[in-house]
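A.B. asks: What follows is the residue order along each chain.
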Amino acid sequence: MTSDLLDALAAHDLPTASLQLPRNTLVAHEWSTLLEGVRVERLEGVLARAVADGALPTSAAQAHDAHEVHASAMGSALRLDRSLLQVISALRSAGVEARVLKGVAVAVLDHPEPAQRCYGDVDILVRPDDLASAVTALEALGRGRDLPERRPGFDRRFAKEVTAYLGDGNEVDIHRTIAAGVFGLDVRLDELWEGSTPFVLGSAALRALDRERRLIHACYNAVLGDSSPRRVALRDVVVLGDHPDLDVDETIRLCERWRGGAVVAAAVELVRRRFGLGGTGELRHWARTRSATARERLVLRSYRSMGGSNTLVLLTGAFGGTGVRSRVAYLATLVAPSSAYREARRASGRTDEWRQGAAELLGKARPW
Amino acid sequence: MPRAEVPAFRRHPDLLWRRTHDRILLLAPGDPDAEVVVLTGSGVALWDELAESSSLEALAARLGELFGAEPELVAADVAPVLEGLERRGLLLSSGRSQGASP
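Chains A and B supply the protein sequences, listed in that same order.
Each residue of the first sequence is one higher than the last, beginning at 1 in my numbering.
Each residue of the second sequence is one higher than the last, beginning at 1 in my numbering.
No lab work stands behind these hints, which were simulated from the structure alone.
Remember, predicted model here, so these are calculated numbers, not experimental data.
Honestly, I wouldn't trust all of these hints.
Some chain A residues well away from chain B (every beta-carbon gap over 10 angstroms; in silico) [unchecked claim]:
id: 1; residue: L6
id: 2; residue: F154
id: 3; residue: R230
id: 4; residue: S326
With the Cβ distance kept under 10 angstroms, some of the chain B side facing chain A (calculated, not the full set) [as the list claims (entries may be wrong)]:
id: 5; residue: P13
id: 6; residue: R19
id: 7; residue: R23
id: 8; residue: P32
id: 9; residue: V36
A virtual CB, placed ideally from N, CA and C, is assigned to each residue, including glycine.
Using the sequences plus the hints, can you model the full thing?
C.D. replies: Structure follows, in structure tokens:
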């Protein structure tokens with residue numbers, strides 16, 4: 001029931017969604033379960049709006065709860081924005097250009113009121129050659145990266161991102177590309193950087209990806225990210241995909257060039273089914289009629305949201321990028337990471353990669 | 001005749017803020033130890049009025065009209081709020097010449 005309710009809430013105010021919110025006030029335990037789910041799914045802004053416009057009937061106390069959790073989420077968002085500005089300032093001092101990804105960029109650029117979109121970390125994109133400088137610059141702001149580089153050169157050539165922690169405990173994901181595994185390696189990074197949109201935070205002039213690239217990233221995030229993507233991430237696909245100014249042809253052209261057409265189509269179809277979306281827009285028509293190739297189906301199933309595992313995702317990277325030597329180098333870093341990396345994993349309490357990988361592969365072994 | 005300086009208040013341009021259903025949340029970005037400040041009730045209306053640079057008197061007059069209260073009483077309530085917001089780096093105040101020629 002809660003899952004359906006969260007879906008209906010996530011679909012609230014999406015123009016063509018058919019899911020219905022309850023017509024009666026929820027009883028106490030249903031309400032508290034909903035609030036827990038809302039926090040996990042980062043739907044505080046949507047809940048507050050649904051309560052304010054009367055779409056979700058509530059008691060006075062429940063309405064108070066809804067606005068409290070939203071205010072709390074916005075307090076966190078402001079602290080993250082402050083961290084982002086610190087990060088951008090440090091990067092600029094180091095001569096590193098960055099794009100702001102996901103959270104605050106989508107909140108400011110794609111919502112009439114930024115408070116509708118909640119988020120829990122800071123994501124930035126830097127060029128591969130700047131990644132090491134960016135990591136060094138952020139070390140001065142806190143604890144630095146969570147793990148050492150897998151092997152010298154891995155980050156610049158193959159990593160999706162490096163995670164670092166600031167002094168206030170906020171997490172910063174410094175992205176090289178927008179997905180792990182083969183789909184991330186196949187993104188043409190020069191083209192990813194070609195389209196950007198300016199926005200202002202406080203008095204700081206920042207840049208995000210342009211709308212088409214933001215949508216592609218949202219689709220990758222929805223399909224290739226967590227094993228169970230947050231509903232706020234699914235909403236992003238709808239909000240961006242249904243925008244009247246979206247250049248659908250350019251979106252399709254780009255994702256197909258990056259060999260990610262199957263990912264974008266899967267994401268658009270996923271949200272259409274999940275939120276009961278109607279309408280016959282060009283993007284939805286393309287997604288519904290596009291046939292994935294055997295390779296695409298095989299690779300997609302390696303990702304966690306499709307039943308795969310982290311190990312399988314990493315192994316798909318051997319099919320990405322260009323050139324045999326690059327692929328061999330990639331596999332070598334997977335098989336034999338540096339001793340510093342292995343030791344840091346042990347020290348942080350993470351499972352041994354070999355054991356974890358073997359367990360995942362055995363657990364996932366099935367005829368394809 | 002010497003012209004009296006009347007401070008005008010405006011939002012700090014570097015400020016980070018969000019509007020929710022019933023409140024405004026504010027954070028000064030320059031101070032890593034700064035806490036989020038929350039405005040509720042008439043504080044939201046005050047914030048809206050501060051979209052443009054305004055003196056205490058002008059703010060009190062507009063809020064008094066909005067809430068049906070005497071401007072003098074409103075000014076007495078608003079003055080410490082403005083002072084607090086300025087102290088936290090959320091507002092800027094600047095001297096303004098009263099009765100200056102256009």
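A.B. asks: For each hint, tell me whether it holds in the structure or not.
C.D. replies: Here's how the hints hold up against the structure:
1. For A:L6, the non-interface assignment is confirmed: its Cβ lies about 20 angstroms from the closest Cβ of chain B, beyond the 10 angstroms cut-off.
2. Even its closest Cβ contact with chain B, about 32 angstroms, leaves A:F154 beyond 10 angstroms, as expected for a residue assigned away from the interface.
3. Residue placement check: A:R230 keeps its beta carbon more than 10 angstroms from all beta carbons of chain B (closest about 20 angstroms).
4. Residue placement check: A:S326 keeps its beta carbon more than 10 angstroms from all beta carbons of chain B (closest about 41 angstroms).
5. Contact between B:P13 and chain A, as hinted, is supported at the beta carbon level, the nearest pair being about 4 angstroms apart and thus within 10 angstroms.
6. Here the hint on B:R19 is kept, as its CB sits about 6 angstroms from the closest CB of chain A, short of 10 angstroms.
7. This hint holds: B:R23 has a C-beta 6 angstroms from the nearest C-beta of chain A, less than the 10 angstroms allowed.
8. Contact between B:P32 and chain A, as hinted, is supported at the beta carbon level, the nearest pair being about 7 angstroms apart and thus within 10 angstroms.
9. Because the smallest distance between the Cβ of B:V36 and any Cβ of chain A comes to about 4 angstroms, under 10 angstroms, the interface hint for this residue holds.
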